[in-house]
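Novice: Read off the chains here:
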Amino acid sequence: MHWIKSTLILSLFLFISCDQGEVPTKSLDNPLDIEGASEKGINTPALVFFPDSASATIGSTVSMEVYVMGVEKLGMAYIKINYDDSKLSLSTINPGDFLQGSQNLFLYDNNVAGVIDIYTSFLGPDSSHVSGTGNIAYLVFQAKTPGVSKVTYSSDSEFADSDDNPIQIRGFGEGVIDAK
Amino acid sequence: MKHCLKIFAFILALSNITAQESQTTLAILDFEGRGINSLEAATLTDRFTSEIGKTETMILVDRTMVEEILKEQGFQQSGCTTDECAVEVGAMLGVQFMISGAIGKLGDTFTIDAKMVSVESGASVETRNVTYIGKVDGLVTEIELLAWDIMNLEPPEALKEKKRLGAQAFLAAQAKQKTRTGALLRSMAVPGFGQYYAGKKLMAAGILVSELAVLGLYASANSAYTTATNDFNNYQNLYNTEKDPVMIADYRSKVNSSHDDIKSNKDLMNQMAMAAGGIWAINVIHAFLIKPDNVTASKEPLLRLVYDPQTKSPQLRFSIALD
Chain H
22 MHWIKSTLIL
32 SLFLFISCDQ
42 GEVPTKSLDN
52 PLDIEGASEK
62 GINTPALVFF
72 PDSASATIGS
82 TVSMEVYVMG
92 VEKLGMAYIK
102 INYDDSKLSL
112 STINPGDFLQ
122 GSQNLFLYDN
132 NVAGVIDIYT
142 SFLGPDSSHV
152 SGTGNIAYLV
162 FQAKTPGVSK
172 VTYSSDSEFA
182 DSDDNPIQIR
192 GFGEGVIDAK
Chain E
8 MKHCLKIFAF
18 ILALSNITAQ
28 ESQTTLAILD
38 FEGRGINSLE
48 AATLTDRFTS
58 EIGKTETMIL
68 VDRTMVEEIL
78 KEQGFQQSGC
88 TTDECAVEVG
98 AMLGVQFMIS
108 GAIGKLGDTF
118 TIDAKMVSVE
128 SGASVETRNV
138 TYIGKVDGLV
148 TEIELLAWDI
158 MNLEPPEALK
168 EKKRLGAQAF
178 LAAQAKQKTR
188 TGALLRSMAV
198 PGFGQYYAGK
208 KLMAAGILVS
218 ELAVLGLYAS
228 ANSAYTTATN
238 DFNNYQNLYN
248 TEKDPVMIAD
258 YRSKVNSSHD
268 DIKSNKDLMN
278 QMAMAAGGIW
288 AINVIHAFLI
298 KPDNVTASKE
308 PLLRLVYDPQ
318 TKSPQLRFSI
328 ALD
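Same order as they appear, the protein sequences are chains H and E.
Quick note on numbering: the first sequence equals residues 22 to 201 in the working numbering.
Quick note on numbering: the second sequence equals residues 8 to 330 in the working numbering.
Hints may contain errors.
To be verified - To be clear about the criterion: a stretch of chain E counts as covered by chain H if any three or more of its residues have a C-beta under 8 Å from a C-beta of chain H, and this derived list gives those stretches:
1) 234 to 243
2) 255 to 264
What the hints assert, rightly or not - Subject to a maximum C-alpha distance of 30 Å in a straight line, what follows is the list of computed DSSO-like cross-link-like pairs (lysine-lysine):
3) H:Lys201 x H:Lys108
4) E:Lys273 x H:Lys94
5) E:Lys273 x H:Lys47
6) E:Lys250 x H:Lys101
7) E:Lys273 x H:Lys171
8) H:Lys61 x E:Lys261
To be verified - A short, non-exhaustive set of chain E residues, derived as facing chain H with CB atoms under 7 Å:
9) Ser128
10) Tyr246
11) Lys250
12) Pro252
Keep in mind that the hints were calculated from the coordinates and are not lab data.
Ideal Cβ positions, reconstructed from N, Cα and C, are used throughout, including at glycine.
Turn these sequences into a full structure, and let the hints steer you where they fit.
Specialist: Quick look at the structure:
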């Protein structure tokens with residue numbers, strides 16, 4: 022009868038420790054996911070940040086890319102970005118590879134506190150344009166004080182095709198930087 | 008209420024009369040000891056009487072009643088050895104049949120002679136002779152078998168087994184008698200093992216196969232669950248870091264697909280776990296409810312109908328076997 026008791030105790034132990042498993046939570050919130058963005062009310066063409074959330078320690082830097090999503094025949098763009106300059110400072114800004122051609126323009130202005138103005142376009146007689154999704158600029162921020170701050174696009178931003186016809190921007194994403 | 012009681016009493020009285028009329032009555036005289044002492048002879052007669060009772064073919068007169076009649080007539084039980092005496096005593100007891108006999112010993116050989124006489128006609132209706140070589144305690148089994156034989160009945164399997172094994176081995180086997188608790192504990196440890204222990208081998212195999220099949224399905228679902236979870240984590244990471252919209256859409260569908268797989272396999276695992284638990288519970292209950300096959304188990308009924316010549320009516324006797 023001793024073996025029966027041992028087997029019973031073992032069975033009970035196995036039964037109690039038996040892990041039925043959990044169903045993990047899926048998070049389909051890639052900011053460049055057109056379907057996901059649409060579910061959040063961000064329709065294309067849109068301006069989004071990638072990644073749309075990041076965390077940094079005070080004094081360290083964090084990167085965010087400026088993306089144009091689902092655009093058709095983009096020839097030029099003016100993008101205005103707002104951020105909380107009490108918590109963040111812009112370290113560097115570099116052109117992205119979406120509007121890269123034989124001749125192209127990339128200018129930015131950060132003279133107004135908490136505002137970044139980016140001007141970019143193709144240049145020359147051949148009316149070049151791009152379609153789809155791509156990055157316009159690389160931003161690097163430095164965390165100054167602790168707290169959560171948003172990086173947003175201004176509705177003053179504009180898209181136009183190579184013939185300077187405006188393209189309506191239908192969605193604006195936003196970025197969140199958590200400084201600790 | 009009173010009306011009901013009257014009807015009940017009437018039915019009881021009617022059944023009493025019917026029982027008296029339909030069942031044959033019988034008394035047994037102590038077997039005469041020849042070469043064995045009177046105590047051994049009386050013990051063997053007791054066992055013979057007890058075994059006759061188990062045949063449930065006739066209503067037995069209580070031994071004390073026989074002794075009282077013999078005492079009244081100036082006999083010791085062992086003194087009444089002739090057919091005439093048996094018939095006379097039987098008439099006084101009001102029974103239809105009497106059994107008397109003798110147990111003799113010659114060297115290591117024992118003989119048992121038993122005779123059933125009709126009180127009405129005085130004729131012998133059944134006679135049996137048994138010869139046995141061995142120890143005196145082996146006579147117990149022989150006299151038990153004789154009881155069934157003289158009633159022209161097939162002895163129970165347990166009794167045949169007792170003769171085959173010998174009394175000592177039989178009692179040892181009885182000590183190892185299978186119990187419901189034993190079956191229950193075995194089934195709790197291993198599904199179907201309690202049934203196997205109880206002698207229900209087909210049922211045991213069925214339960215074990217069912218449990219293993221369900222556990223197999225559980226293991227299969229668990230394996231699929233693990234694969235789906237790994238896929239999900241992998242695709243979720245790729246989805247989170249991908250910048251190409253085409254690839255993002257592809258990973259998105261894969262994340263959804265693997266997540267659905269996780270859920271379906273989790274549901275299947277839950278169902279299989281419940282099924283396995285259910286089979287286990289049924290197996291345990293079943294193991295407890297079934298009666299283990301005990302060849303040696305006593306099958307004497309708790310309640311027995313006996314004849315009381317004093318009141319000339321049947322009685323219900325309650326007994327518990329201590330063997």
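Novice: Please go over all the hints and tell whether each is borne out by the structure.
Specialist: Cross-check of the supplied hints:
1. 234 to 243: holds (count 4)
2. 255 to 264: holds (count 5)
3. H:Lys201 x H:Lys108: holds, 11 Å
4. E:Lys273 x H:Lys94: Not satisfied, since the Cα-Cα distance of roughly 47 Å exceeds 30 Å.
5. E:Lys273 x H:Lys47: holds, 15 Å
6. E:Lys250 x H:Lys101: holds, 22 Å
7. E:Lys273 x H:Lys171: violated, 39 Å
8. H:Lys61 x E:Lys261: Roughly 20 Å separates the two Cα atoms, so the pair holds.
9. Ser128: Hint on E:Ser128: violated, closest Cβ of chain H at ~60 Å, above 7 Å.
10. Tyr246: holds, 6 Å
11. Lys250: holds, 6 Å
12. Pro252: At 5 Å from the nearest chain H Cβ, E:Pro252 passes the 7 Å test, so the hint holds.
When each numbered hint is compared with the structure, violations occur for hints 4, 7, 9.
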